[in-house]
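Note that the protein sequences, when read in sequence, are chains A and B. Heads up, the first sequence is in our numbering, so the first residue is 3 and it goes up one at a time. Heads up, the second sequence is in our numbering, so the first residue is 34 and it goes up one at a time.
Hints in this document: simulated from the structure, not taken from any laboratory. Treat the numbers as computed from the prediction; the structure is a model and nothing was measured. One or more of the hints may lead you astray.
[What the hints assert, rightly or not] So the derived list for chain B, only partly shown, Cβ under 10 Å to chain A, looks like this: (1) 35; (2) 76; (3) 78; (4) 90; (5) 104.
All C-beta atoms, glycine included, are put in the ideal place defined by N, C-alpha and C.
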Amino acid sequence: MGTEVDDALLARRCREGEAAAWRELVRRFTPLVYRVVRRMLPSDADAQDASQQTFVRIHRSFGSYDPARPLAAWIARIAYHVALRRLGARADRLVAPIEPDALGELAVAPAAEGPESRETAALLDAALGRLSAQDRGLVMLRYREGLTDAELAEATGMPIGTVKTRLFRARAELRRLLGPALQEG
Amino acid sequence: MPVDRELDEQIERYLDGELSAAESVSLEHELAAPEAAAALSTALFLREALREAGPAEPPTGLQNRILEVLSLETAPPAWETARESEAPVARATGRVREWSASARSAAQGMAFAWRGPALAVNALSAGTTGTSATLAGLATARWALGPLATAASARTEPKRPPRSWWRRLLSHREET
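Same shape as in the complex, but just chain A (with noise of 0.2 Å):
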């Protein structure tokens, strides 16, 4: 494909069963749909297998797909439950558990050389990790993808109520185990 198509073009192509039309929904959806998995599941090799699954799923169930609603949130909410099924019960406990006392000697130790960035992202990613698996998938769905809440409904299944009560715990745990990372900055 010469020029970049949007998403609505790439989706009557793909429906039609162009090759060059699939070829390019897979360059231009695999970076969302490995950040979705990837945050929810424990290990790089899982998340990768869960982005194959994702596409395999996304080809089998085209036929299904709205062309009236927005194709990332339709590919982002296949991802999401792949993630969920491969965790099956762990999906709603923590995936990689951190001790809150271990975050709080990450979060004041003397900043290390190199990019506070880098610092930052570390701190994070404990906090994520203390979240569980839905909830991390919630909140990286919301701000790093940029879905709305209604659209979080839709990808997750769940109620636009649920989904609001899931963020605003998610926010009030990440800024307490942040807390004091956030004070010194």
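Starting from the known structure of chain A, fit chain B onto it as the hints suggest.
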């Protein structure tokens, strides 16, 4: 410090640009208070940090692996491909057989239709009375119905292979 849920959600909507002008002004007044200001700066920090969080790029080769998996999804299995390549020949042969069977049936039908009126003519020419007329009628009927009888016997009786010359010779010698 925990933040009130209503304030937290107002701040989120404010940062998303979803508040009306009047609501924004009202919130900005509230944000003058230190706790509310802290809540706003935390929200800004989290948004910024989360926006950058996570791996920006997928690992090298992941796209190719996905395309490979999808190509296996879309390609038909090998046995189906092999069967499909034979199908055109089989279809053509089948069509020829069907055509010739239809042609045979049509020809038999036409023969019967032609012989039907001949039945009547023969009966008339042979006379309408007596044994000769009856025999002529029976012969004509047998002649008219010949194609149907042949077809029926062909369907019910298996075709016998021709006798070899030496069998014919032996049976001829036995007869004589």
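Each hint, compared with the structure:
1. 35: Holds, about 6 Å.
2. 76: OK, holds: residue 76 of chain B within 10 Å of chain A, min 7 Å.
3. 78: 6 Å, holds
4. 90: 6 Å, holds
5. 104: Status holds, d = 9 Å.
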